[in-house]
Structures are given as C-alpha cells and as structure tokens.
Amino acid sequence: MAFRVVHYINQFFANVGGEEMAHIAPELREGKVGPGMAFETAWKGEAVIVNTIVCGDSYFAEHEKDAKEQVVAWVKEINPDMFIAGPAFNAGRYGYACANIALEVKTQLGIPVLTGMYEENPGADLKDKILITPTANSAAGMRKAAPTMAKLALKLMKGEVLGASCEEGYMPNGIRVNFFEKERGAKRAVKMLINKINGKAFTTEFPMPNFDRVEPGKAIPDMSKVVLGLATSGGIVSKGNPDHIEASSASHYGEYDIEGWDALTAEGWETAHGGYDPVYANENPNRVMPIDVLRQMEKEGKIGKLHRYFYSTVGNGTAVASSRKFAEEYAQKMLKAGVQACIMTST
Amino acid sequence: MKLPHRIRIITNNPLVNTVLSDWYKVEFHEDASYRDILVMVRDMVYNGYELMTHPMAGSVKPNETMYKSIVVGTDLIGTNLEHCNLMMNALITCDKFKPLGVVYSDYHIKDFQLIDYTLLCGALDFDAIAGLSKANVNSY
Amino acid sequence: MKLELGFIKINDVQFSNECAVKDGILYVNPEDVKAFVYDHDDCKAYIKSINFDIAKPGESVRITPVKDVIEPRVKVEGPGGLFPGFVANVDTVGSGRTHVLKGAAVVTAGKIVGFQEGIIDMSGPGAQYTPFSKTLNIVMVCEPVEGTKQHDYERAVRYAGLRAASFIGGAGKAVEPDEVKTYETLGIKEGIEKYPNLPRVGYIHMLQTQGLLHDTYVYGVDAKKIVATLLNPTETMDGAILSGNCVSACDKNTTYHHLNNPVVAELFEEHGKSLNYVCNIITNENVYLADKQRSSDWAAKLAKLLDLDAVLVSEEGFGNPDADLIMNCVKNEKQGIKTVLITDEYAGQDGKSQGLADSDPLADAVVTGGNANMPIVLPPMDKVIGMLDYVDYCSGGHAGSLRPDGSIEAELQIITGATNEMGFNCMSAR
Amino acid sequence: MVKEIERVGIPVVHMCTITPISLTVGANRIIPTIAIPYPLGNPALTPEDEYALRYKLVDAAIKAFSVDIDKQTVFEF
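Chains as they are written, first to last, in the numbering used here: chain A, 1 to 347; chain B, 348 to 487; chain C, 488 to 917; chain D, 918 to 994.
Do not take every clue at face value.
As the list claims (entries may be wrong) - Here are some chain B residues pointing at chain C (derived, C-beta under 8 angstroms): (1) L398; (2) H401; (3) A404; (4) G405; (5) S406; (6) V407; (7) I439; (8) T440; (9) I462; (10) L466; (11) I476; (12) S480; (13) S486.
Rather than coming from a laboratory, the hints here were simulated on the basis of the structure.
Everything numeric in this text was worked out from a predicted model, so none of it was measured.
Quick reminder that beta carbons are idealized off the backbone N, C-alpha and C, glycines included.
Please construct the entire structure, taking both the sequences and the accompanying hints into account.
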C-alpha cells in the first residue's frame with residue numbers, strides 16, 4: 001500500500017490568489033493540489049497525497065496559534081505517514097509558515113515532516129529542528145526541488161537512515177554524518193585552496209561555530225519605569241533543585257517565581273552549579289542573583305519593577321547550542337511579559 | 348629541562364608526584380578525577396594564573412585515561428582570554444565523551460599514568476626515561 | 488630538488504626462500520628479513536620473536552593492534568638512503584631516483600601499551616575505512632623480551648618495521664619500474680621566473696609531537712625539539728619523516744602516509760598549472776603553550792619570508808593539536824596568506840557535538856576526514872593476526888566491545904587511518 | 918545567551934567575573950564582578966559592607982543601561 005502524505009501550501013500555490021487572498025483561513029482539500037503533482041510524479045505510486053491544506057500566509061502570520069491548532073487537528077484526524085509543507089522558495093511569510101507548521105506537526109504528532117525553501121528565507125532559521133531542502137530563490141526551482149524532496153520524503157517514510165545533508169538534499173542541521181566523497185580529502189583541499197586564492201566560491205566542509213555578534217541594544221535613559229528581567233548562568237535554583245538542573249552540561253533551564261521574596265535566602269534557594277565552590281552562593285544566593293539590592297532599588301524607584309520570574313541555568317560545560325536554545329526560549333517569555341531590560345549574571 | 352621557577356604541576360597522577368616532585372612544585376590531588384583537574388585549573392586560569400600546557404595533551408581520550416597533569420604559573424598575571432577559552436573548550440570536549448564503563452586492571456592504570464607522565468615530561472623537556480629509574484612501571 | 492619515483496606494481500606477495508620481485512610478484516624470505524632487522528642493537532635487545540604473516544585484500548583477516556604501516560622503497564640513485572637518520576645515514580634525501588613497491592606494505596603489530604592501537608580489516612564493512620585493506624600486507628607481530636620497558640619496546644618495533652621495509656624494498660632496486668614519475672620544486676628565484684603569474688603555495692605539515700607514543704621523527708630528530716623548518720616536498724618520499732605515534736589509530740599518520748603524503752601528491756598535480764608549489768614547512772604540536780606559540784609564529788614567519796600566497800595545513804591527532812591548527816590558520820590569514828585546513832572531527836556518536844576543541848571564524852575553508860566517534864560494528868573474521876584481548880581497552884572500544892562471537896562494537900576511531908587528517912581518504916562529513 | 922536576549926530587542930547588562938569570556942560570548946554591556954564563586958559579594962566583608970558592595974555593583978549595571986554604546990564595552994566603576 002502506498003504511503004499517505006498530507007501537503008501544506010499557501011493561497012498562491014493553490015491558485016486561490018496572490019496577496020489579496022493571503023487572509024484566507026486554512027481549508028482542507030481532498031488529494032493533491034498544485035505543486036503536490038510534482039511529488040506524486042516522482043513517487044511513482046509509492047506514496048500519495050491524501051489531503052492538501054491550503055492556508056493564507058497573512059492568516060498564518062496573524063493567527064499563528066489558531067492556524068497551528070486547526071492544521072494539527074486535521075493531520076491528527078487523517079493520520080498520514082508524513083507531512084510536507086511547501087516548498088516556499090524565497091517567499092518569507094510562506095517559508096515562516098511552512099517551517100513553523102512543520103515543526104508543530106512534528107512536535108505534536110511525532111510524524112516525519114519536510115519542507116523546502118531558499119537558504120536565506122527566514123523560515124530556514126529552523127533548519128536545526130526540522131528537515132528543510134534548500135531550493136532556488138524562485139518557483140522556477142520546483143523542477144529541481146521536487147525530486148529531491150520526494151526522494152527524501154520516501155526515505156523518511158520508510159524509516160531509512162539518512163545520509164549526510166549534501167547527499168540527501170537537506171540543509172545542514174548540526175548533526176554530522178559521515179559519507180564518502182568522490183575525491184580524496186587532499187584533492188578537495190587543493191581545489192578549495194585554488195578557489196580561495198582566485199576569489200571563487202568555495203564551501204567549507206566544517207563550518208566553524210557561530211561567532212555572530214548582536215548590535216548593542218539602545219540606551220535606556222530612564223530606568224525608573226522599566227520592567228527589569230533577570231537571568232543567570234550561575235545555577236541559582238529553588239532549594240532542593242526541583243527542576244533537576246544538572247551541575248554541568250545542563251539540558252534545560254529553570255524558571256523561578258520571586259513574587260514576595262525581598263531577598264533570596266539560604267533556606268529557600270541554592271546553586272546547582274558544579275563548576276565552582278558552592279559554599280558562598282548557598283550561604284547567600286544574592287551573591288549570584290542580587291534580588292536583595294534590586295528589591296531595594298525597586299522601592300527607591302531606581303527601576304520600575306522586577307519581572308516576576310528569573311531564569312537560571314548552569315554555564316558549566318553546557319553546550320553552546322543548548323544555552324542558545326534556552327536563552328531563545330526565555331527571551332521570548334520576557335518579551336511577552338513586557339521586559340524592557342535584562343541583567344544576566346555569570347560566575 | 349624547563350626551569351622550575353614560577354611553575355607548578357596540578358595533577359592526580361601518582362607517577363608524576365613520585366618522579367617530578369624532587370624537581371618541580373607538584374600539587375598532587377590523589378582523589379581528583381580527570382575532570383576535577385580540568386575544573387581546578389580552569390578556575391585558576393579564570394582567576395589570573397598563567398596556563399603553561401595545553402589541557403588536552405595527548406590523543407588518549409578523556410573517557411579512557413583517568414590521569415591529567417597540567418602546568419600552571421605560580422604568579423597572578425591577569426586573566427588571559429585565550430587560556431580561558433582553552434580551558435572552557437577542554438571541559439566541553441571532555442564532556443563530549445561518554446563514560447565507557449571499563450574497569451581497568453592495575454597494568455592498564457599504570458600505562459595511563461605513564462602516558463600522562465611522558466606527555467608532561469615532553470612539555471617540560473624533562474628526561475622521562477631517566478626519571479623512571481625511581482618509579483615502579485610496567486615491563487613485559 | 489628533483490626526484491624520480493619508479494613505481495613497481497606488486498600484484499601478489501608470497502613467502503619464499505629469497506627476497507625478489509618477479510613479474511609483479513614480491514617474494515619475501517622471512518629469515519633474511521629477520522636477520523636484517525636483528526642486525527640492530529635495540530631490536531636484538533628488546534624483541535624476543537617476530538612472526539611474519541601475509542594479509543591480502545578481500546581475505547577474512549583482521550590485523551591488530553597495528554603500530555605502523557610502511558611502504559617498501561629503495562634509493563636507486565642520488566644521495567642518501569631510505570629513512571635517513573634511522574636506517575640510512577643522515578644525508579639529505581629527495582633527489583635522484585627511488586623505487587617503490589607499489590601495492591605492498593609492511594605492517595608492524597604488537598601491544599605497546601595496554602590500550603589504543605589500530606585495526607585493519609582486509610574485508611567486510613571495516614575494510615572500506617582503512618586504506619590498508621587495499622594493500623598486500625606483510626605483517627610482523629613482534630613479541631618483547633621479558634622485562635622490556637614500553638618505551639624501549641616502542642623504539643625497537645619502530646626500528647624493526649623501518650628496517651624490514653628497507654630490506655624488502657631492496658628487492659626492487661634492479662627491477663625496471665612500470666611507471667616513472669618526476670617530482671620537482673624550484674628554488675625561490677627560479678620559481679618566480681618560471682611561473683611569474685602562478686600563486687605561490689606552501690604546505691604546513693603539522694607533526695604529532697606530544698611525548699612518548701605521540702612522537703614523529705625528522706632525519707632521526709624528535710620533532711618536538713625542532714623549530715618550524717623547511718623541507719623539499721620530495722624529501723618526504725624518501726622517508727625524511729616517520730611515525731613514532733601509536734595513539735589514536737584513526738587519525739595518526741603512519742610512515743606509509745608520510746611516504747605517500749597525499750597533500751604533497753595533489754599539490755604536485757597542480758604544480759606549474761594553477762599554482763607554484765614552493766615547499767613544505769614542517770612544524771610540531773607540542774604541549775607547552777609557549778612552544779605552540781613559537782612554532783606557529785615561526786611557521787607563519789617562514790610562509791611570509793617565502794612570499795607565499797596560500798598555504799594548506801594538515802593536522803595529526805585530537806584535542807591539543809586543534810589549538811596548533813587554528814593558530815597556524817589565524818596567523819597566516821592575518822598576514823594575508825590564504826589557508827585551507829584538513830582535520831577530522833569528534834562530534835560524538837550522535838554527531839551533534841562541536842567537532843574541534845578550538846575554532847576561529849578565520850578558519851573558513853576546512854576539509855574534514857569525518858567524525859571519528861561514528862559507531863561501527865565489525866563482524867568476526869576467520870583469522871586474527873596479532874591479538875584481540877586488548878580491544879575493550881583501546882581507543883574507540885568500550886566495555887563489551889569485543890563480543891563473544893569475535894565481532895567488535897566500537898567507534899570508527901579504532902580503525903587505522905580511517906579519518907586521516909592529511910586527506911588520504913575520500914571520507915568526509917556534513 | 919546574552920545575544921539571544923539582546924536579539925529580541927531587550928538590552929542586556931552582563932555581570933560577570935571573567936570579562937574576556939563575556940566578550941567572546943558577545944555581551945555588549947559588561948560589568949566586571951568580584952570572583953567566580955561570589956560574583957556579587959565578598960564573604961570576607963561584614964554583611965552590611967557586602968550588601969553595600971553588591972548595591973554598588975548592581976547600581977553600576979543599572980547605570981550602564983543608560984549609556985549609549987556602539988561596541989562591546991566593559992564598564993569600570
């Protein structure tokens with residue numbers, strides 16, 4: 001029996017209309033629509049698109065929660081072997097929708113997902129979380145993208161082990177996979193060197209970790225009205241470490257309510273950090289997370305008020321990728337809670 | 348041989364303690380793990396002591412050998428960014444290797460001591476073989 | 488400097504009562520080889536017995552623990568002999584003519600320390616990862632004399648392999664090669680005059696030099712005691728550099744790798760076409776940070792002095808050498824010399840970890856030999872040359888690595904030459 | 918971690934003992950602190966003096982928010 005696939009596309013690829021129709025809510029259709037045809041051709045009967053979900057890009061952007069709920073509910077009901085979104089090429093909002101809806105389906109339902117888009121599409125930021133096939137920057141790239149995505153999708157549905165990103169046609173996702181090149185390493189290196197000398201394009205086989213810098217945030221002339229957020233890599237946690245933050249190589253972070261605390265006490269708080277002598281922080285946790293003086297400043301009107309929660313993890317040996325993920329998560333929480341400035345303490 | 352002034356050896360390797368303490372200041376932490384030594388030295392380097400040898404010396408992986416010896420300066424010279432990075436990366440690298448669950452025989456343990464000792468001697472330009480005359484090491 | 492390499496294609500190896508090459512078959516008399524090996528004080532003093540065996544591609548054979556692999560060669564014309572400073576006198580080599588018994592290799596096996604040695608499988612899934620599953624291997628299992636210390640044993644086995652390969656190589660001295668290739672690099676002025684428009688390229692060759700069992704030798708000198716210096720690329724083809732490194736099987740450069748340095752070969756392929764291959768700069772990977780700074784400073788200084796436009800850098804080993812690799816890259820990039828690096832990775836069994844212990848954004852052109860932590864299962868072989876009892880304890884093995892049926896569950900790093908950082912193999916990772 | 922917060926538009930002051938590390942992780946406003954096990958304190962001081970020290974440090978952090986900078990800056994105080 002053929003594998004069953006649900007395909008997600010936007011209003012434009014469903015031939016509903018362009019920008020003027022981008023507001024339409026998700027609708028469920030039977031069988032394939034538009035670009036789904038190219039996948040089915042490539043599958044030669046091994047897989048079929050049982051349903052297509054069409055959703056306007058503006059609708060998704062403006063009603064992301066509703067859109068996700070609706071799509072997940074349908075996919076759950078249909079119970080397919082796989083969920084494919086796009087490809088979105090260089091369409092930014094479509095790419096964002098494809099990546100985020102695919103991630104939602106993967107997280108909620110645990111079925112394989114795949115999307116495709118141009119490497120600079122903002123949706124490609126999620127390439128470490130879901131498989132994304134790199135495509136050209138316009139829909140003219142469908143001819144090339146469809147067979148790659150179709151092949152990769154079949155492999156996923158069959159549960160086969162994936163090869164390296166460059167072999168299978170997905171964007172590098174931070175998981176290193178060995179494979180055999182046609183030429184030996186020294187020859188590849190000499191070719192790369194010649195390209196580099198001549199100012200021609202070359203692609204490193206081993207990208208260095210991200211060294212990106214962020215522009216300094218704007219100065220805040222008046223702190224007296226500001227909601228101040230707090231975070232630490234010093235591992236301050238509620239007494240007893242209820243979230244089980246690891247002493248090193250932490251796999252998660254903790255969120256702690258400081259409502260009603262005028263200072264952190266040794267009875268209520270401690271450090272989970274394994275990389276330094278914990279005696280001093282356990283004796284007086286304000287030495288790492290200075291709630292006592294901040295409450296005082298709150299009273300004095302030096303700051304507006306403290307955000308109700310602080311966020312804590314252990315910097316000790318924690319993978320760069322994990323700490324980035326933690327911070328991305330709680331930065332969103334702070335943003336939603338109206339935090340305007342943040343103090344981060346580290347040991 | 349590198350001069351013993353202003354350097355100290357942080358180690359958990361008894362062979363290093365036996366042989367080199369006549370020549371160098373050896374801080375021997377018998378019960379420390381490989382990782383403990385890295386953490387100790389990292390904190391020293393963070394606090395401004397000079398790191399003299401690379402913390403990941405040797406190709407024996409951190410989840411194989413239990414011994415680590417690192418040379419650190421005795422004077423506070425201020426925090427050195429590159430050395431801080433070396434120590435951070437060493438810990439990250441160390442944590443990457445999963446425990447193997449191997450119980451080593453005394454023979455193997457002595458081999459690990461020997462390797463760590465010879466790597467350190469290589470760094471200090473100390474005659475490793477001459478030094479072994481006062482130690483009890485494996486032979487066939 | 489100009490060297491002719493005469494390749495004598497070896498299609499088979501057989502034991503015989505003489506050492507000779509006839510019709511592409513290499514005949515080896517183990518007794519003659521042994522006699523030559525034992526004509527050396529260290530071998531005499533520390534090696535109790537040498538057992539010879541032959542392992543051919545496709546056979547169900549596992550060789551382990553591998554110490555070194557050496558290609559049999561012989562100097563036919565020109566000054567010096569193979570392995571100067573060890574087997575031959577220290578005359579400068581790399582000119583004249585040398586014959587190579589192509590397709591044959593001498594493999595030394597023996598338990599130097601109770602862990603960390605390599606595996607060569609001649610067939611099965613492990614064979615694709617090691618280049619030595621494709622060579623006809625004359626294996627020497629060397630047993631130590633009772634009471635021998637490890638460092639003495641290591642040195643003796645190192646000599647034994649080098650001497651055996653030199654002796655066996657001698658069988659090709661008077662044989663007409665199947666193919667002759669000429670390799671020549673020019674003096675600075677001559678090179679600029681001949682190739683005025685070609686970019687000047689050098690090869691920074693990093694040598695493993697961290698201590699006992701982690702050493703490399705150049706003309707008989709322990710390379711941790713050198714400052715960065717220059718070598719004609721052809722010198723490496725006559726054994727100017729050889730391996731005393733027994734650790735980290737997957738990314739150690741055996742003497743065979745040094746003799747057949749792939750970077751040297753590939754740079755010669757482009758020499759006079761797209762680039763002017765000027766020379767090799769050898770440097771080390773010492774443990775002392777001041778040594779690291781000096782060596783990388785000097786390597787960069789020499790590159791500048793030679794007006795190089797670009798350098799290719801190869802690494803050996805894991806952890807500590809990553810720091811040297813990055814220093815060699817950064818110091819050259821900062822003075823406008825373009826660099827490409829060759830390395831391998833330890834990205835964890837799941838491939839998710841940062842693969843190098845050091846990094847820098849200037850290292851934007853890197854070739855990788857793959858992830859050494861990749862899990863593998865090696866099925867049992869009909870025959871084991873050497874010994875298997877150490878497998879649980881060696882690099883890439885873990886408790887229960889050696890299963891009751893003789894199969895081995897381990898990481899790729901257990902296989903000799905699997906993730907070579909000179910770019911000897913086709914394997915890579917993304 | 919600092920970068921991820923600053924990237925969503927929330928300015929961050931990083932209070933950290935090892936300022937070189939703070940620089941490498943990409944913090945823009947940096948306040949150097951006392952020591953690894955007690956960045957915002959000093960057990961050798963009396964509780965009052967220690968509180969004063971902490972107040973001074975955090976006050977410097979609050980002031981750092983009000984300073985316009987165009988590159989990574991370690992604030993001395």
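### Indices of hints not satisfied (ascending)
12
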